[in-house]
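Keeping the supplied structure of chain A fixed, place chain X upon it in accordance with the hints.
The lines below spell out each chain.
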Amino acid sequence: MSMHYFANPARFTRLAGRIQPLAGCLAAILLIVGLYLALVQAPADYQQGETVRIMFVHVPSAWMALFCYSFLAVASAVALIWKHPLADLAAKASAPIGAGFTFLALVTGSLWGKPMWGTWWVWDARLTSVLILLFLYLGYMALWQAIEDSQKAAKAAAVLALVGAVNVPIIKFSVDWWNTLHQPASVLRMDGPAIHPSMLWPLLIMALAFKAYFVTLLLARMRMELNLRRIRALRLAERSS
Amino acid sequence: MESVTEFMSMGGYGGYVWPAFGIVLFVMALLWVASMRGWRNSEKILATLRNSRREREDVAE
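The listed protein sequences correspond, in order, to chains A and X. For the first sequence, my numbering gives the first residue as 1, with consecutive numbering after it. For the second sequence, my numbering gives the first residue as 1, with consecutive numbering after it.
Hints in this document: simulated from the structure, not taken from any laboratory. Worth double-checking, as some hints may not be accurate.
[As the list claims (entries may be wrong)] If the Cβ cut is set under 8 Å, some of the chain X residues that face chain A in the computed set are:
1. Met8
2. Gly11
3. Pro19
4. Phe21
5. Val27
6. Met28
7. Glu43
8. Arg53
[Claimed, not checked] Within a straight-line C-alpha distance of at most 20 Å, the following computed EDC-like cross-link-like pairs (lysine to aspartate or glutamate) qualify:
9. Lys44(X) x Glu225(A)
10. Lys44(X) x Glu238(A)
11. Lys155(A) x Glu225(A)
12. Lys44(X) x Glu55(X)
13. Lys114(A) x Glu225(A)
14. Lys83(A) x Asp149(A)
Predicted model, so just to flag it, every value in this text is computed and none were measured. Quick reminder that beta carbons are idealized off the backbone N, C-alpha and C, glycines included.
Excised from the complex, chain A in its bound form:
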C-alpha cells in the first residue's frame, strides 16, 4: 500500500471516524487500570517511599513529550519532502498535545524533585533541555499563528520543527553525557529494564494509556484542521463568486 493511500482526505476522515472512538475508549480503560495499579497496587520504593508513585505519571509524560516531538518532526519532514497533504496537519495537530505532556513532565518532575532532591528545579542538562523542548513546542505553535498564508506557515513551522529535532537526542542522552541529579534511564536500556515488574507493569499501562489518548486527540485535531481548511476554501469560493 502506498503512502498516498491515506493521503486522500475523504479516506482519512472515514478511517479516523472509526479509530477515534476505539482509541478513546482504550485510553479511558487503560488510564483507570493504570491509576489503580499506580496508586494502590504498586509497592512503595525502599529508598523513595511513596513519592515513587509520581514516576507513573512523570515518566510516561516525559516519554510522550519526546514521542510527540519526534512525530511532529517526522510529519514535518514528510510534509516538506513529499508534500503529503495530511502531514502538515498531523504535525500541527500533535503540537499542543506534546506541549501539554512536556509541561506535565516538568511539573510532576518538580513535585518529585522537591522531596527527593530537596529542590524544585536545577539548571542541569536534562531539565534545561526539556524546558527548551517546551519552548520549541510553543514557538512552533506561535509560528503557525503568526503567518497568515497557511502554506507559508506550514513551511516555516516545519523548518523550525526539524531544526529543533536536534534537541531530542540531547534530552535522551543528557543524563549520560552530563553530570546531573536526574537518574539515568531504567526502562529503555540496552540490557533490559532495571525496574521490578510490580512497578514496570503500571508504568507500561500508563504509557499505553497516554499513547491511546494521543491517538484520540491527534485524530480529532486533524479532522478539525481538515474541516477548517475546507471552511476556508468554501468561504474563499463564496467571496469570489
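Showing chain X alone in chain A's frame:
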C-alpha cells in the same frame, strides 16, 4: 477510615503525590475537552456552510 487517611497521606508525601496526579488528569482533561469541542464546532460550521451553499444552488436552478 484509618486506612483512607493513611492512603491519602502517602507516607507523609501526599502533598507531592496528589498534586502530581491531579495536575496530570486536569491538563489531560482540559486538552481533551478543548480538542473535542474544537472538532465538533468545525463539523457544525462546515455543515452549515455546505447547507446554505446547496440551498442557494437550488434557488439558482
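Status of each hint after checking the structure:
no., hint, in the structure
1, Met8, "violated (11 Å)"
2, Gly11, "holds (4 Å)"
3, Pro19, "holds (6 Å)"
4, Phe21, "holds (6 Å)"
5, Val27, "holds (5 Å)"
6, Met28, "holds (7 Å)"
7, Glu43, "holds (6 Å)"
8, Arg53, "holds (7 Å)"
9, Lys44(X) x Glu225(A), "holds (13 Å)"
10, Lys44(X) x Glu238(A), "holds (18 Å)"
11, Lys155(A) x Glu225(A), "holds (16 Å)"
12, Lys44(X) x Glu55(X), "holds (16 Å)"
13, Lys114(A) x Glu225(A), "violated (40 Å)"
14, Lys83(A) x Asp149(A), "holds (16 Å)"
Against the hints set out earlier in the document, violations occur for numbers 1 and 13.
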